[in-house]
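**Q** Just so you know, the protein sequences line up as chains P and R, in that order.
Per the working numbering, the very first residue in the first sequence carries number 1283; after that it's consecutive.
Per the working numbering, the very first residue in the second sequence carries number 536; after that it's consecutive.
Warning: the hint list may mix true and false statements.
[Said to hold, decoys possible] Here are the in silico distance ranges between beta carbons for each label pair: (1) 1519(P) x 855(R): 32 to 40 Å; (2) 869(R) x 1354(P): 26 to 34 Å; (3) 1524(P) x 746(R): 45 to 53 Å; (4) 1494(P) x 617(R): 38 to 46 Å; (5) 569(R) x 1524(P): 22 to 30 Å; (6) 1519(P) x 935(R): 23 to 31 Å; (7) 926(R) x 1342(P): 52 to 60 Å; (8) 1291(P) x 935(R): 49 to 57 Å; (9) 1345(P) x 869(R): 34 to 42 Å; (10) 1498(P) x 928(R): 52 to 60 Å.
[What the hints assert, rightly or not] Computed cross-link-like contacts, DSSO-like style, restricted to lysine-lysine with a CA-CA straight-line distance of at most 27 Å: (11) 1347(P) x 900(R); (12) 1444(P) x 744(R); (13) 1492(P) x 663(R); (14) 569(R) x 1441(P); (15) 744(R) x 730(R); (16) 744(R) x 664(R); (17) 1396(P) x 1338(P); (18) 565(R) x 1444(P); (19) 1315(P) x 1403(P); (20) 1315(P) x 1460(P).
Bear in mind the hints are in silico, worked out from the structure with no lab data behind them.
Even glycine gets a Cβ: it sits at the ideal position worked out from N, Cα and C.
Chain by chain, the residues run as shown.
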Amino acid sequence: MHTFIYNGSFEGWLTAVFEIYEYNINEEVVIVKDAIYQPSLLTQEHIVTPDDTKAKRVWNGLKQKLSPRALETLYHSFLSEDKGIENQMLQYARLVFSNKLTIEHNFSNSAILKITQTAQKVRRERHRMTAFVRFQLTSDGLYYALVEPDFNVLPLIIKHFKDRYADQRWLIYDNYRKYGIYYNLQTVEIVEIAFTESNASSGAILYDEKEALYQQLWQQYFSSVNIKARKNTKLHIQHMPVRYWKYLTEKRDFM
Amino acid sequence: MWERITEKLSILADAAKYDVSCASSGSNRKNSNKGLGNTGNGICHAYTEDGRCVSLLKILLTNHCIYDCAYCVSRKSNDVKRAAFTVQEVVDLTINFYRRNYIEGLFLSSGIFSNADYTMERLVLVAKKLRTEHRFNGYIHLKTIPGASNDLLEQAALYADRLSVNVEMPTEQSLKLLAPDKKRQDMLNPMTYLKNSIQARHEERKTSKKVPVYAPAGQSTQMVIGATPETDLQILLMSHFFYQKMQMRRVYYSGYVPVSNDNRLPSIGTPVPLLRENRLYQADWLLRFYGFTVNEIVSPHQPLLDADIDPKLAWALRNLHLFPVDVNKADLFLLKRVPGIGIQSANKIYAARKYALLNEQHLVKIGIAYNKAKYFITHGVNNNNYKELTAMQIKDRLVNQAVSKYKPNFSPQMKLF
Ligand code: SF4
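Next up, chain P with everything else stripped away, as it sits in the complex (with noise of 0.2 Å):
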């Protein structure tokens, strides 16, 4: 048995793929990340060093292979961030290797299934976070906002937000993985400082004079729009999972 230890990106794993193939391997394999790896006397270990030129070739072997969809599907289901996933996609990526015809609608195989879930899964959430994004602006014209998505899609977001919302500066920080994504009203860039509730709450950030006020106005127009006599709150919960009220502005009083 083998083992590849990747660092969790997915150049990573796409280096992993090339390395799998480069020493031959068909007997059993798991590419693990180096965060979670516990090491075993009973595999073999390799180290994969992302590596661009690997990485490359690995995906433009899929790209030929696959639609731009099924591409995109791949990454979607790695950015899942789920335990084995990385093991679901090579069993994916040798079966796109290994078949002449695209395989990518074959959902009676379990991987591809699984892949094709996965992705729709991560999908699901990446709209949530379009939609549940709430900034708030602060006395230097940033809107700010915090999330805690279920996977890891800010770089999935990006573009929505950065066409949307293009003259204006902001930052939304995935507060789980402590990382976020900084609009400058030119580029977007991935920034790792630590923006937190905490350092919100104690005051280290100064909200714009009439932030509150449109604050309140939201939860008076959201609790206006409600119709009492078709009060549903299986619905209700069903659409807006309580796990993100924290962070919505017309909810958090709720919690």
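Given chain P, work out where chain R with the ligand should sit, using these hints.
**A** Frame of chain P, contents of chain R with the ligand only:
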């Protein structure tokens, strides 16, 4: 001053909420001027406690109204607090909500003060300011005020993504009864005018991109359900008319929320017909996406939708002779008609069966509602075991296993006993 704004917002959002439309899709405005916002598929940023999507800031400019439509909270004779926003206040609210990612845009409606044109002019002015002064590319839905001049409709269409006139009452008789100052023709005229000009602009745009976008998300309308005695057949035929003849993008059904003790209407405390509303949306969906005709769903013999089961299942049970269908062979059109198989699953089945004969496990993994579909399909070698069941028996089995999301709201009468 801020308190006043908060109060206005609560009055004017409250009065606007009976308009159930909250769609912000159907338009594709790019943020090409590096301004603010864009439109696309439409995002629900929140959901009300009754589970409806909140995607737009939906408010009235004012709830002062010269008319007295019996079903409306803002009717002249109703003793409610009145308020009016200024044009600038609406603009500021929209921009500030939008920048915080609360909303996709604005849905602005209004009670009619002075006259139709005077009201419409102000609605148009809000949209114009947003588009020109703030380079706002988010979604704008304006209500078309019945009786407004074509000239104003023209301007509205240039700034707004969607326009709507609510017919509210499914038939002319009901309108006459409940809104005696309103004429159906006054509603149909702007609809027809806009339908024609949208079509014309659309054609022009095909040849020249210089022609400005013109109500890219088209028109919609709303009918109030359960205030008047119309059957589902009458309602769905109206919808059919709006989709076919008026090229409406959406018809909304709004279960009547009793707001008055007028004896022409269900009294206050009567439950909102949520289940019926839901069934109408399901039927509407079948009309628009599944290739059903009105006659397949309701007929003069059965003018009401079945409350216990959804209209697709009801259709299948009336047409058991078409089933079971072989999921490995049936054409897409028929696959989509199988209860428990939605459009997405039908497409997946269609794609996946090229690789392998699909069996129960595959179908479950693909995500069909197998427990429902199993009565209507065969697959692989496995033959359908339910062939002997009658429509009634299948219905009983399915009704007993289903728990409707709308059930708890549906039978409050029971509490009386
Ligand atoms: S005209 Fe509109 S706002 Fe006025 S009473 Fe009739 S429905 Fe209500």
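**Q** It remains to establish, for every hint, whether it holds in the given structure.
**A** Hints, verified against the model:
1. 1519(P) x 855(R): 32 to 40 Å: Check passed, 37 Å falls within 32 to 40 Å.
2. 869(R) x 1354(P): 26 to 34 Å: With a Cβ separation near 31 Å, residue 869(R) and residue 1354(P) satisfy 26 to 34 Å, so the hint holds.
3. 1524(P) x 746(R): 45 to 53 Å: The hint (45 to 53 Å, Cβ to Cβ) holds, given that residue 1524(P) and residue 746(R) are roughly 48 Å apart.
4. 1494(P) x 617(R): 38 to 46 Å: Violated, since residue 1494(P) and residue 617(R) (Cβ atoms, about 28 Å apart) do not stay within the stated range.
5. 569(R) x 1524(P): 22 to 30 Å: Given about 38 Å between the Cβ atoms, the range is violated.
6. 1519(P) x 935(R): 23 to 31 Å: 25 Å, holds
7. 926(R) x 1342(P): 52 to 60 Å: 56 Å, holds
8. 1291(P) x 935(R): 49 to 57 Å: 51 Å, holds
9. 1345(P) x 869(R): 34 to 42 Å: At 36 Å between Cβs, range holds.
10. 1498(P) x 928(R): 52 to 60 Å: 57 Å, holds
11. 1347(P) x 900(R): Since the Cα atoms of residue 1347(P) and residue 900(R) sit roughly 25 Å apart, the hinted pair holds (cutoff 27 Å).
12. 1444(P) x 744(R): This hinted pair holds, its Cα atoms lying about 25 Å apart.
13. 1492(P) x 663(R): Roughly 25 Å separates the two Cα atoms, so the pair holds.
14. 569(R) x 1441(P): Between residue 569(R) and residue 1441(P) the Cα gap is close to 14 Å, so the pair holds against 27 Å.
15. 744(R) x 730(R): 20 Å, holds
16. 744(R) x 664(R): Holds, at about 24 Å.
17. 1396(P) x 1338(P): 24 Å, holds
18. 565(R) x 1444(P): Holds, because 12 Å separates the two Cα atoms, which is no more than 27 Å.
19. 1315(P) x 1403(P): 21 Å, holds
20. 1315(P) x 1460(P): 18 Å, holds
Checked against the numbered hints given earlier, the structure breaks hints 4 and 5 and satisfies all the rest.
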